[in-house]
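*Asks:* Chains as they are written, first to last, in the numbering used here: chain A, 1 to 256; chain B, 1 to 279.
Note that these hints are calculated values from the structure, not bench results.
Being a predicted model, the structure only gives us computed values, none of them experimental.
Any given hint might turn out to be false.
Restraint ranges, calculated between C-beta atoms of paired labels, are given here [unchecked claim]:
1) B/P169 - A/P232: 49 to 57 Å
2) B/W183 - A/D20: 52 to 60 Å
3) A/T224 - B/G166: 37 to 45 Å
Derived list of chain A stretches under chain B, where covered just means 3 residues or more per stretch with a C-beta under 8 Å from a C-beta of chain B [what the hints assert, rightly or not]:
4) 7-18
5) 84-94
Away from chain A, derived, C-beta distances all over 12 Å, residues of chain B [said to hold, decoys possible]:
6) L174
7) M175
8) S177
Ideal Cβ positions, reconstructed from N, Cα and C, are used throughout, including at glycine.
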Amino acid sequence: MTTTDTIAALTAENISHTFDADTNPLPVLRDISIHLPQDSFTCLVGPSGCGKSTLLRILSGLLTPQSGTVTLCGEPVTNPDRNIGYVFQQANLMPWRTVIDNIALPLELSGVDREERESAACDLIALVGLEGFETAYPAELSGGMAQRVAIARALIHHPDVLLLDEPFGALDALTRDLLAEELLRIWQARSSTVFMVTHSISEAVLLADTVLVMSPRPGQIEKTFTVDLPRPRHLRMIHYPEAGRLVRAIRSAIRI
Amino acid sequence: MEISLSRQQQKPKQRECLSPRRPWRWQRLIPALTLILFLTGWEMVVRIGDYPAFILPSPLDVGRKLISVSLDGTLWRHMGVTLVEVLAGLSLGTVVATIFGYALSRSAVIDRAISPYLVASQAIPVVAIAPLLVIWFGPGLFSKILISALIVFFPILINTSAGVRGVSPDLRDLMRSLHATRWQTFAKLEVPAAAPVLLAGLKVGATLSVIGAVVGEFAGARAGLGVMINIADGQYDTARMFVGVLALVVMALTLYGIVNWLEKHLLAWRAPENGGSRL
Ligand SMILES: Nc1ncnc2c1ncn2[C@@H]1O[C@H](COP(=O)(O)OP(=O)(O)O)[C@@H](O)[C@H]1O
Ligand SMILES: [Mg+2]
């Protein structure tokens with residue numbers, strides 16, 4: 001899928017960031033520019049500690065970079081934006097809320113009445129395959145189910161862009177594959193722009209149109225790979241020779 | 001695709017399997033047996049040692065005294081006064097401590113400004129300043145309420161502050177990314193997240209508040225269980241002192257039980273593993 005001529009949903013220009021600039025400066029990001037085309041799926045891989053989460057927090061508006069700008073559909077992002085959904089590495093659910101109330105939280109905070117937000121949450125529960133667990137508490141869910149809830153919660157505002165920070169990092173391999181495929185299905189159903197950090201190269205190849213490779217700290221975008229596998233994608237495509245070639249190329253591009 | 005198979009693997013564990021097995025009926029009688037054994041032992045000690053009632057009254061003496069002071073209304077009058085002091089003291093202490101605890105944990109400036117003095121104030125034994133408070137505020141209810149509130153204050157302050165500081169930073173980020181207002185973050189994140197620790201502090205506070213009220217009554221009062229115990233002491237009516245102590249124990253346990261019940265119902269969402277203890 002070539003995407004160079006489509007309009008960008010989210011753009012980051014010349015992002016640089018240093019933590020604790022005055023006392024004990026730690027340069028984390030250096031001059032990063034990213035263009036996420038409308039409805040594209042982009043994955044970011046890189047050694048741990050290189051600044052991937054920091055970049056994601058900047059893109060979401062949670063953190064203001066020291067220099068550079070983020071724009072969402074042409075508007076600058078300076079504060080957290082409701083049109084950007086964010087999925088954390090840990091499911092990050094409120095343990096005192098049931099599944100349905102966790103998913104409906106964003107609507108509750110923006111003042112949508114109970115009936116409306118519960119029907120919206122029910123639609124998402126169906127989308128992520130959690131029917132029957134509406135009134136379960138997070139303590140009763142497996143890791144994979146909790147992460148489905150987190151994805152549903154991020155989608156309830158119909159965000160233009162969905163940011164995911166190693167969403168399957170804490171899951172076992174089988175659940176991981178299953179959820180990756182579910183995410184593809186959800187992405188196709190909801191058509192939004194997805195930007196996902198992952199430490200699994202094969203997962204990145206399987207899911208993304210574009211894979212970005214980040215250098216060790218201070219992080220820079222070192223290489224950009226375009227994935228030409230056909231869509232819809234399936235788990236078994238990882239055995240295609242071109243997928244294997246791409247995985248090897250990406251692996252050797254990551255410096256640790 | 002393996003989707004259908006994996007779904008099945010993800011079926012929830014049955015709730016029954018998670019909750020600890022109900023004990024047999026006779027096992028629930030064990031605490032009662034302990035009590036009967038204890039009372040029998042006590043009665044025997046008194047009979048064999050032939051102690052006079054003003055040194056060690058037998059359980060039967062205490063029982064008889066309990067009936068007589070309940071029938072003539074003495075017990076209820078004193079218990080009522082102490083109960084009012086305890087409830088008012090606990091409420092006052094809790095309200096002030098949670099406000100301070102919250103302010104400390106949310107503002108570094110307030111924390112710096114008052115934390116050292118709060119810690120230092122804990123070195124002052126409440127027992128020692130109780131007479132002073134009675135001189136200042138008189139022998140009425142108010143000085144007792146104040147003493148009870150003072151003794152409750154610190155543990156609840158510490159727990160509130162620890163609870164609010166313990167709120168997950170990721171959940172704070174989530175609330176921020178959802179444009180939650182200050183009030184929404186307080187009501188929908190900080191309060192429920194801090195509730196377990198806060199309720200643990202309230203449990204400690206519930207029993208401490210009874211101690212505070214009695215300490216105040218010993219320092220000077222006209223009525224209350226502390227006063228009843230004091231008067232009985234002067235009259236060598238040891239059985240009546242036992243009744244007073246018993247009433248205090250019942251009061252503290254009831255308060256503790258209420259907080260425990262609250263905890264169980266408010267925190268029903270917690271994983272069942274956390275709920276196994278009998279304390
Ligand atoms: N709030 C912060 N203050 C100071 N240093 C931070 C902060 N957040 C992250 N860092 C540091 O920045 C570096 C990059 O962190 P992060 O973006 O989480 O990396 P990654 O997600 O790629 O593993 C790490 O060395 C981390 O210790
Ligand atoms: Mg990270």
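*Asks:* Now, for every hint given, state plainly whether the structure supports it.
*Replies:* Now for the hints, and whether the structure bears them out:
Remark: the range hint 49 to 57 Å for B/P169 to A/P232 is contradicted by a beta-carbon distance near 38 Å. Checked against the given bound of 52 to 60 Å, the beta carbons of B/W183 and A/D20, roughly 31 Å apart, lie outside it. A hinted range of 37 to 45 Å for the beta carbons of A/T224 and B/G166 is consistent with their spacing of about 42 Å. Only residues whose beta carbon comes within less than 8 Å of a beta carbon in chain B count, and the segment 7-18 of chain A has 0; fewer than three means the coverage is violated.
Remark: the segment 84-94 of chain A is confirmed as covered by chain B, as 6 of its residues place a Cβ nearer than 8 Å to a Cβ of that chain, reaching the required three. Once the 12 Å rule is applied to beta carbons, B/L174 is inconsistent with being away from chain A; the minimum gap is 6 Å. Listed as outside the interface, B/M175 is inconsistent with that label: its C-beta sits roughly 8 Å from the nearest C-beta of chain A, within the 12 Å cut-off. A Cβ of chain A approaches the Cβ of B/S177 within 12 Å, the least distance being about 4 Å, so the stated non-interface status is violated.
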